[in-house]
Amino acid sequence: MVDKPAKRADQLGHRPKRFWKEVTVTQGLGIALDGRPVKTPSGAHLVLPVHALAHPVAAEWAAVGEHVDYDAMPLTRLGFAAIDRMPDIRDEIVTEVLRYAETDLICYPSEYPESLIAREAQAWDPILLWASEELDLVFYQNLTLTHQAQPAQTTDRLRALVLAMTPHEQAGLMTAIPLLGSVVLALALWRGRLGGEDAFAAATVGETFQAGIWGQDAEAEERRNGMKARAVSLETWFGALRKT
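For reference, each letter of the sequence shown is one residue, going 17 to 260 in my numbering.
Keep in mind that the hints were calculated from the coordinates and are not lab data.
Hints may contain errors.
Claimed, not checked - Subject to a maximum C-alpha distance of 30 Å in a straight line, what follows is the list of computed DSS-like cross-link-like pairs (lysine-lysine): (1) 33 to 55; (2) 37 to 55; (3) 33 to 244; (4) 259 to 244; (5) 259 to 55; (6) 55 to 244.
In this text the structure is predicted, and so the values were computed from the model without any measurement.
Produce the entire structure from the sequences given, and follow the hints as far as they go.
Now the structure itself:
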């Protein structure tokens, strides 16, 4: 959902060539390339809500090589999504978050082996407790084959929480949830309870366990490193937004 506007140029086979020498943050917290404002795919000016976010976004543009590669510019993509997409799909965002919450990764712990069960409990139980105490969100863990719906109070509270977020927070959340496979871990990243690397580690307990047994090939390792880098960029994004 979030990446569609940002990748439109790549989908059309057009990767803009770098033309600028200087990248600056404007007084209004926009990004300028040789004085020309960066615009979102819809044509709006890319404006960030805080200095702490504008400067890392400017750094992404300064680091561009011969051609713009949006895959290497996660903060820019989030900025595009916050402006172009989030305000128009508020109801869709809530629906998507609630759907993920019903199948949240950390609400479905493994049944065996005991060593994996212990690792998952060590990584997940403190976050579930934090969500209950700090966000008033009680998530049931499904310990049987029968699906157990999340409490209505949790659903209502989660809906209100998401609707109260700014478009920039929503853009980050809607990137973090599918990346981590977990609403709870995404919320922990949003609030700073977990950093990017720790959130990714919690989301991949099972994969890490299996890799320890069977080994991991280079392609899988490259994929994991890319996903971890995205989680770290979300830590930067959310951390800057908390400074407002």
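Now for the hints, and whether the structure bears them out:
no.: 1; hint: 33 to 55; result: holds, 15 Å
no.: 2; hint: 37 to 55; result: holds, 17 Å
no.: 3; hint: 33 to 244; result: holds, 28 Å
no.: 4; hint: 259 to 244; result: holds, 23 Å
no.: 5; hint: 259 to 55; result: holds, 24 Å
no.: 6; hint: 55 to 244; result: holds, 28 Å
Taken one by one, the earlier hints all hold for this structure without exception.
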